[in-house]
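Trainee: Residue-level listing of the chains:
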Amino acid sequence: MKKVQVSTADKSWDFVIREEDGQMLITQNGSDHPVDLIRLGQSRYSLIIDGHSHEIGVDGSFDGYRIFNGSRSEKFLVEDFELARIKKEAGIEDTVKQLNVIAPMPGLIIQINCSEGDEVAQNQPILVMEAMKMENDIKSPKTGTIKSIAVALGDSVDKGQVLIEFA
Amino acid sequence: MKKVQVSTADKSWDFVIREEDGQMLITQNGSDHPVDLIRLGQSRYSLIIDGHSHEIGVDGSFDGYRIFNGSRSEKFLVEDFELARIKKEAGIEDTVKQLNVIAPMPGLIIQINCSEGDEVAQNQPILVMEAMKMENDIKSPKTGTIKSIAVALGDSVDKGQVLIEFA
Amino acid sequence: MMNEINKILIANRGEIAVRVARGCHNCGITAVAVYSDPDRTAFHVRVSDEAYPLDGITSAETYLVQEKIIEIAKSCKADAIHPGYGFLAENAGFARLCAKNNIIFIGPSPEVIKLLGDKLEARVAAIKAGLPLAPASTQDIEDIPKAKIEAGNIGYPVLIKAAAGGGGKGMRIVNDEDSFEAALKMAASEAKSAFGDGRVYIEKYIARPRHIEIQIMADTHGNVVHLGERECSIQRRHQKVIEESPSAVVTQDLRKRMGDAAISIARATGYVGAGTVEFLVDEDLNFYFLEVNTRLQVEHPVTEMVTGFDLVKEQIRVARGHKLSFTQEDVVQRGHAIECRIYAEDAAAGFVPCTGKLAAYQEPAGPGVRIDSGFLAGDTIPVYYDPLIAKLVTTGRTRETAIKRMIRALNEYIVHGVDTTIPFNLLVMENESFVSGILSTHFIEDEFPELADSLSHSEEELEISAMAAAIIDYKQHSKITATANKRAETGSPWKLSGRVSGLRKVW
Amino acid sequence: MMNEINKILIANRGEIAVRVARGCHNCGITAVAVYSDPDRTAFHVRVSDEAYPLDGITSAETYLVQEKIIEIAKSCKADAIHPGYGFLAENAGFARLCAKNNIIFIGPSPEVIKLLGDKLEARVAAIKAGLPLAPASTQDIEDIPKAKIEAGNIGYPVLIKAAAGGGGKGMRIVNDEDSFEAALKMAASEAKSAFGDGRVYIEKYIARPRHIEIQIMADTHGNVVHLGERECSIQRRHQKVIEESPSAVVTQDLRKRMGDAAISIARATGYVGAGTVEFLVDEDLNFYFLEVNTRLQVEHPVTEMVTGFDLVKEQIRVARGHKLSFTQEDVVQRGHAIECRIYAEDAAAGFVPCTGKLAAYQEPAGPGVRIDSGFLAGDTIPVYYDPLIAKLVTTGRTRETAIKRMIRALNEYIVHGVDTTIPFNLLVMENESFVSGILSTHFIEDEFPELADSLSHSEEELEISAMAAAIIDYKQHSKITATANKRAETGSPWKLSGRVSGLRKVW
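Chains as they are written, first to last, in our numbering: chain D, 1 to 167; chain C, 1 to 167; chain W, 1 to 507; chain U, 1 to 507.
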């Protein structure tokens with residue numbers, strides 16, 4: 001049995017997972033859901049929960065889990081429930097909540113629309129990158145405070161490079 | 001550089017393979033063919049020979065190479081050219097030429113149409129298996145002499161099990 | 001009376017279960033899959049919204065167990081069950097069990113299924129409805145001397161057929177009176193053991209017939225329409241392998257006469273839903289009633305492509321109690337469609353099933369291509385069920401275009417890991433008689449008496465594959481040598497095996 | 001004059017190169033691919049018969065290098081070059097270079113490409129041919145006071161456009177005379193820097209226009225036909241994203257008038273091959289000539305699906321010097337077709353391109369679905385080129401059916417590894433205005449002012465994904481624990497990391 005907290009930048013869920021007579025069960029708010037998870041390929045699963053069939057992909061390049069479900073993806077942090085509680089009490093923020101801004105592709109930084117210490121809203125444009133012959137607005141993934149800006153105007157950046165860190 | 005003999009049950013080819021300035025070349029009958037082989041997945045390759053593009057699959061479960069090209073497949077034995085020559089002189093037959101009859105699926109042997117020592121023609125029906133609710137003729141893969149029959153009437157056989165061995 | 005249908009349980013597997021799930025999704029209906037143990041990760045499970053286990057392996061343990069399916073349908077609150085084809089699709093008892101449990105069975109009534117499922121009863125119904133039939137004995141045979149007289153009246157050669165038959169079992173061609181009695185007894189005994197029903201009857205044997213069938217759709221409001229013909233003459237072991245619509249020989253007049261005949265028997269029997277009336281057509285284009293299939297056919301897509309209608313959607317409409325969305329006047333065939341069934345079978349070895357893993361699996365696509373598939377890359381073709389992988393359908397403004405597109409699509413199709421009937425289909429598409437539209441149910445034997453030879457590789461193809469083997473071996477060998485050298489330095493015993501590997505490769 | 005064409009070099013990549021290769025194969029023609037270094041294993045290389053390297057990475061180093069392409073065409077003895085769209089498709093110089101090297105360029109003559117590529121010259125040709133145009137300055141602007149008078153005569157708001165323009169660059173909307181001069185200067189400078197040509201002109205700004213275009217085909221024998229319209233009003237950054245045929249607002253009469261207009265300009269300019277005449281249509285259904293695209297369009301499949309013609313095949317016919325295979329009377333639209341472009345883009349973040357590996361990639365199929373794709377499972381979307389993955393086209397007897405099938409197909413589409421515009425396309429398909437056929441080029445801004453919010457996950461979806469993360473983590477953790485326990489026994493320091501892994505997982 002394992003009790004975990006799963007969180008995105010602004011939501012979190014508590015689940016208990018256990019196995020009984022070879023049947024895996026996930027419990028949320030006191031109700032049990034039978035689970036059948038079968039690996040299809042390297043990072044692809046067929047998941048049946050409560051009889052509902054889902055095709056799930058997992059991206060291993062993300063620090064946490066990036067889950068693909070249908071045509072959408074979302075990033076999750078999975079933590080031991082007790083650890084999450086202790087950390088919260090101690091005031092330690094976890095990784096997904098600290099979410100950095102990462103370069104989605106290689107390119108050139110041609111505009112910086114924020115400063116260190118700025119409060120920014122989710123989806124607020126904070127940078128402009130030139131890539132693939134286009135100017136691309138890079139938006140804030142969350143509402144929060146900018147801790148540091150890791151790039152300067154005119155910098156050439158690689159895919160996955162950290163551009164901005166949140167406090 | 002490597003000189004090899006590639007053979008099926010009834011054909012064989014001699015090739016020389018070498019690399020020159022990073023370019024792989026395969027030579028047959030004195031003419032060079034530039035080769036570009038790129039692995040696409042576990043057992044799948046993109047092969048460009050002389051500018052002609054082919055999609056090649058390789059089956060690792062066969063003792064030798066089963067090559068898929070387009071919608072067809074064929075089994076090949078690849079041997080060092082010198083070794084093949086020595087073996088031939090010594091009268092040693094190689095694996096593909098000795099080709100056994102293998103059960104193509106699990107099933108029940110319901111008829112045996114040949115005896116040990118029989119000369120059979122290629123594609124001559126030699127066994128009947130019941131499988132997938134159908135009676136399936138099993139035909140001889142080659143013209144040759146039957147060395148031994150490894151199953152009896154009524155035997156239940158697994159996929160891949162040897163049914164008949166050739167001399 | 002209108003029936004609410006928001007959730008449909010699909011009592012099937014493979015490509016038809018996927019097709020029906022798509023039909024449900026096209027109508028905004030929840031699709032429920034059921035699956036045997038080997039099918040846990042099958043495409044039909046993955047494409048459906050819900051999926052429940054049947055706990056078992058063989059068809060007899062799973063897809064044929066009526067009670068299990070009904071129980072799942074009830075517990076997941078399915079409004080209806082779509083049986084696909086095969087399994088329980090033409091089982092009157094199952095249709096009755098659905099009704100008893102207040103679940104809509106998507107198909108005709110149990111009575112109609114039963115009536116048309118019995119070949120002798122169906123013949124009687126067809127005669128009453130005024131359909132042309134091949135001369136035959138009017139009932140099953142009990143008395144041999146009387147049967148001989150009937151056979152003589154019909155005229156040899158005659159065909160002895162099982163009343164409960166199908167798939168060529170209990171069937172015998174008899175060329176003269178001398179061999180009649182023995183053939184009759186054998187046919188009856190075969191029918192008895194295959195179907196538990198030894199009744200047989202005699203029919204005129206038609207040489208080199210075409211198999212042409214009419215698709216019908218009927219609603220509960222008394223509307224019956226036909227959607228034109230499908231030609232399914234290319235068969236192996238009495239099983240269709242290539243189908244097309246329209247037929248190269250059916251004129252507008254013949255289509256109307258065959259269509260009217262099909263509508264007549266549907267009206268006479270109170271038919272509801274999608275159905276197919278099968279005919280044999282002789283060389284003078286006389287047509288003879290064969291049987292009615294009371295379900296969606298494997299080959300329904302060719303009709304969909306030329307008429308533009310969605311047959312699964314119409315089936316659901318009818319099951320809901322609605323009127324058909326179209327009338328006979330709305331049915332206009334446009335262009336041509338051909339279907340090739342892609343089986344995991346080795347055609348050269350007499351179409352023996354091949355099972356195994358689809359190491360690579362890439363379907364053709366693009367202009368004029370529709371594919372209805374039951375498998376995905378990486379899947380294993382299980383040994384327990386029908387080896388149909390997919391149905392490849394191409395369309396074009398003309399038959400010629402549809403054929404050319406089929407050749408293109410077959411060449412583009414990549415299946416590594418198992419042998420398929422793709423090379424066989426290519427052979428047919430490039431055959432002169434086929435291209436000229438000269439077909440009969442004897443097509444394969446007539447055109448390819450030595451099928452294995454016809455299917456053998458071209459020299460050029462074989463040489464490319466041989467080169468590929470040599471090159472892959474070379475690359476593999478270089479890698480092994482590199483590893484061997486590395487290990488040799490550290491004193492491992494690998495050096496020896498490195499040398500041996502030149503002799504014989506296991507990879 | 002008949003030209004022999006047995007081998008065609010496709011000077012393109014991605015889905016259009018695959019589409020053209022399939023067109024070649026449908027005609028029994030050898031398809032030759034060319035490829036940049038990152039495209040060595042791209043679908044267009046694998047589907048073609050021959051493939052030759054362009055040695056380089058960026059478009060400027062490869063697909064745009066005319067000499068390299070001509071050299072390959074000559075050395076592999078290609079009879080013709082098909083340019084697809086983009087790259088060299090509307091480059092008069094390249095068409096001329098082909099002619100000089102005795103290679104057939106599949107498209108109109110260099111003179112026609114040049115004439116219609118210049119927006120001002122094209123406007124003049126359209127006026128001469130009697131096409132309706134939005135009121136505009138008759139030539140490029142040299143004198144600002146004179147331009148102000150022209151703008152006043154046209155009536156504000158006006159649009160300043162680059163003569164050599166495209167893609168919204170050098171374009172400005174001006175609402176009143178006060179802001180005219182500044183806008184004019186900015187537009188000219190932008191046009192100069194983007195196209196090396198600072199000429200601009202003034203056009204009446206049409207509020208909420210629809211973008212509707214007419215497909216034409218012309219042969220070398222003087223036959224010109226149109227194949228009906230495509231509505232392409234749904235655009236982001238002046239780029240089409242969803243197209244359909246027929247348009248919900250085009251009546252038979254309007255179609256004939258727009259079709260006749262398109263044929264007029266084709267005749268007037270001596271057009272040969274496939275082309276598209278683009279119009280803006282205002283709220284009163286007045287239509288205004290916009291421009292002519294002298295190539296196959298991205299969205300050509302919707303026309304193919306409703307008319308039944310194969311445009312690539314017709315292009316090849318025309319290039320061979322044959323007459324078109326059909327006349328205007330043969331062109332009948334049947335049913336409805338919609339195309340959704342599937343881009344590797346994050347629509348919520350303003351359609352920024354996403355690159356990466358297609359860890360899982362599974363296309364929808366079945367009834368009413370056509371997909372023209374440029375990628376296969378396992379491929380990487382390269383950063384260097386257009387991020388179009390595929391074009392998904394659905395058809396139906398009605399627009400409603402085509403929309404429902406599109407929703408079904410989009411839901412069935414599996415892409416793991418990169419974000420795509422699938423959720424955006426779903427949003428549009430389920431939008432009330434779209435379903436009612438109320439469209440304009442401002443559709444996206446009008447309907448989804450907060451696109452990121454509209455695209456956010458439903459609570460239910462998110463919860464399932466969270467559960468999936470928890471379950472996968474649990475399975476992964478069990479495995480790690482098992483390994484850790486095993487290692488602990490052998491005294492490895494893994495135990496500690498086993499404990500730490502509960503805190504933060506890298507996987």
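The hints are simulated quantities; they were obtained by calculation from the structure and are not laboratory data.
Small disclaimer: the values here were computed from a predicted structure and weren't measured.
Be a bit skeptical, because a hint or two may be false.
[Unchecked claim] Simulated crosslink set (DSS-like; lysine-lysine; CA at most 30 Å straight-line): (1) K256/U to K357/W; (2) K169/W to K159/C; (3) K68/W to K128/W; (4) K139/C to K357/W; (5) K114/U to K256/U; (6) K128/W to K74/W; (7) K114/W to K11/C; (8) K114/U to K357/W; (9) K88/D to K357/U; (10) K475/U to K11/D; (11) K3/C to K357/W; (12) K240/U to K159/D; (13) K475/U to K87/D; (14) K139/D to K323/U; (15) K240/W to K159/C; (16) K142/C to K77/W; (17) K77/W to K323/W; (18) K3/D to K139/D; (19) K475/W to K87/C; (20) K323/U to K11/D; (21) K139/C to K74/W; (22) K3/D to K169/U; (23) K256/U to K142/D; (24) K357/W to K11/C; (25) K74/W to K2/C; (26) K475/W to K323/U; (27) K3/C to K75/C; (28) K169/U to K139/D; (29) K75/C to K323/W; (30) K75/C to K357/W; (31) K159/C to K323/W; (32) K74/U to K357/U; (33) K169/W to K139/C.
Trainee: Now look at each hint and say whether the structure bears it out.
Mentor: We went through each hint and held it up to the structure:
1. K256/U to K357/W: violated (54 Å)
2. K169/W to K159/C: Satisfied, since the Cα-Cα distance of roughly 27 Å is no more than 30 Å.
3. K68/W to K128/W: violated (39 Å)
4. K139/C to K357/W: holds (23 Å)
5. K114/U to K256/U: Roughly 28 Å separates the two Cα atoms, so the pair holds.
6. K128/W to K74/W: violated (40 Å)
7. K114/W to K11/C: violated (57 Å)
8. K114/U to K357/W: violated (54 Å)
9. K88/D to K357/U: Outside the cut-off at roughly 36 Å; violated.
10. K475/U to K11/D: At roughly 23 Å apart (the allowed maximum being 30 Å), K11/D and K475/U satisfy the hint.
11. K3/C to K357/W: The given pair, whose Cα atoms are some 33 Å apart, is violated under the 30 Å limit.
12. K240/U to K159/D: Holds, at about 27 Å.
13. K475/U to K87/D: holds (24 Å)
14. K139/D to K323/U: violated (54 Å)
15. K240/W to K159/C: The given pair, whose Cα atoms are some 27 Å apart, holds under the 30 Å limit.
16. K142/C to K77/W: violated (57 Å)
17. K77/W to K323/W: Holds, because 25 Å separates the two Cα atoms, which is no more than 30 Å.
18. K3/D to K139/D: Violated: K3/D and K139/D sit about 34 Å apart, past 30 Å.
19. K475/W to K87/C: Answer holds: K475/W to K87/C is near 24 Å, not above 30 Å.
20. K323/U to K11/D: Cα-Cα ~64 Å, so violated.
21. K139/C to K74/W: violated (48 Å)
22. K3/D to K169/U: This hinted pair is violated, its Cα atoms lying about 55 Å apart.
23. K256/U to K142/D: violated (52 Å)
24. K357/W to K11/C: holds (28 Å)
25. K74/W to K2/C: violated (67 Å)
26. K475/W to K323/U: violated (51 Å)
27. K3/C to K75/C: holds (19 Å)
28. K169/U to K139/D: holds (23 Å)
29. K75/C to K323/W: It is violated: about 57 Å lies between the C-alpha atoms, which goes past 30 Å.
30. K75/C to K357/W: holds (17 Å)
31. K159/C to K323/W: Violated - the C-alpha atoms of K323/W and K159/C are around 51 Å apart, more than 30 Å.
32. K74/U to K357/U: violated (35 Å)
33. K169/W to K139/C: holds (23 Å)
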